[in-house]
Amino acid sequence: MKTKLTSFFLILIFISGCKIDVDGSFVDTIINRSIEVSGGSKFKNSVIDFDFRGRHYKAIRIDGLFQYEREFQDSLGVIKDVLSNSGYERFLNNQPFLPHDTMAVKYARSVNSVHYFSVLPFGLNDEAVNKTYLDSLLIKGKKYHKIKVDFDKDGGGEDHEDVFVYYVNAETYKVDYLSYIYFVDGGGIRFREAYNERYVNGLRFVDYNNYKSENDSIDLYALDSLYQLNKLKLLSKIELENISVQ
-3 MKTKLTSFFL ILIFISGCKI DVDGSFVDTI INRSIEVSGG SKFKNSVIDF
47 DFRGRHYKAI RIDGLFQYER EFQDSLGVIK DVLSNSGYER FLNNQPFLPH
97 DTMAVKYARS VNSVHYFSVL PFGLNDEAVN KTYLDSLLIK GKKYHKIKVD
147 FDKDGGGEDH EDVFVYYVNA ETYKVDYLSY IYFVDGGGIR FREAYNERYV
197 NGLRFVDYNN YKSENDSIDL YALDSLYQLN KLKLLSKIEL ENISVQ
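Residue numbers (the numbering used here): -3 to 242.
The set of hints was computed from the structure by calculation and includes no laboratory data. You can trust all of the hints, since none of them are fake.
Here are the simulated SDA-like cross-link-like pairs (lysine to any residue), alpha carbons at most 25 Å apart as the crow flies: (1) Lys139 x Thr25; (2) Lys233 x Arg194; (3) Lys136 x Lys170; (4) Lys138 x Val159; (5) Lys139 x Phe113; (6) Lys136 x Glu193; (7) Lys227 x Ala190; (8) Lys142 x Tyr191; (9) Lys139 x Val159; (10) Lys233 x Val196; (11) Lys136 x Ala166; (12) Lys149 x Val125; (13) Lys102 x Leu61; (14) Lys149 x Asp59; (15) Lys233 x Arg51; (16) Lys139 x Leu230; (17) Lys38 x Asn28; (18) Lys142 x Asp131; (19) Lys38 x Asn238; (20) Lys170 x Ser114; (21) Lys149 x Ser109; (22) Lys54 x Asp203; (23) Lys139 x Lys229; (24) Lys40 x Tyr84; (25) Lys142 x Phe39; (26) Lys233 x Asn206; (27) Lys149 x Gly119; (28) Lys76 x Ile56; (29) Lys139 x Lys227; (30) Lys227 x Asp131; (31) Lys40 x Tyr169.
DEER-style ranges, computed between Cβ atoms: (32) Val74 x Asn226: 42 to 50 Å; (33) Lys138 x Asn28: 19 to 27 Å; (34) Asp146 x Asp59: 25 to 33 Å; (35) Pro92 x Leu134: 48 to 56 Å; (36) Asp148 x Ser82: 15 to 23 Å.
Ideal Cβ placement from N, Cα and C applies to all residues, glycine included.
Please model the entire structure based on the sequences and the hints provided.
See the structure below:
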């Protein structure tokens, strides 16, 4: 009976073509389904390695405990950044190296950002995350749920003011697109298009075409319209290489 009712409300949403007030349980159902088809609980206890733009990344997750790593070679030697439940550390040639406080915040944020995007939509059920159903819409002839995500200041991290919009395919429940506005390092607004989907040991990974608007003052929620009108500029590609999952 619940399945039939859910299908009925989905039909109403798509027929209306306008914003509809829905309760949190509806949004939670969509996000839970999206996480499940992308790997679900397997993310919670995993070791994920990958390379991104010449640097090696590693994420260790064990029942709520995490350790995110980034390792690369520079003129000083081998740099290793480690972000965990205990905080941030940097190592130079396996020896603790303490950067200036402002740089430590920047490095930690950079490490967290790469790991955050690598496993989306996992993480969208964290306690500091707020989810709001915005609309249903068509993108390239396919139906999508348009969902806003923002964060509480308490527990939301250094980037708690950032706002995301996720486009969840109504048939597959996969996140095919996302957009976001960020305020650190000068700020900006981006739209990402997922491609090159692959599953590694049961976990879904994608690469992204990363777009921006020529107008930095554009409304975040209008980016999907500009994308369909080919009014966005391709800024970069987000490509993960040599992925392994344990």
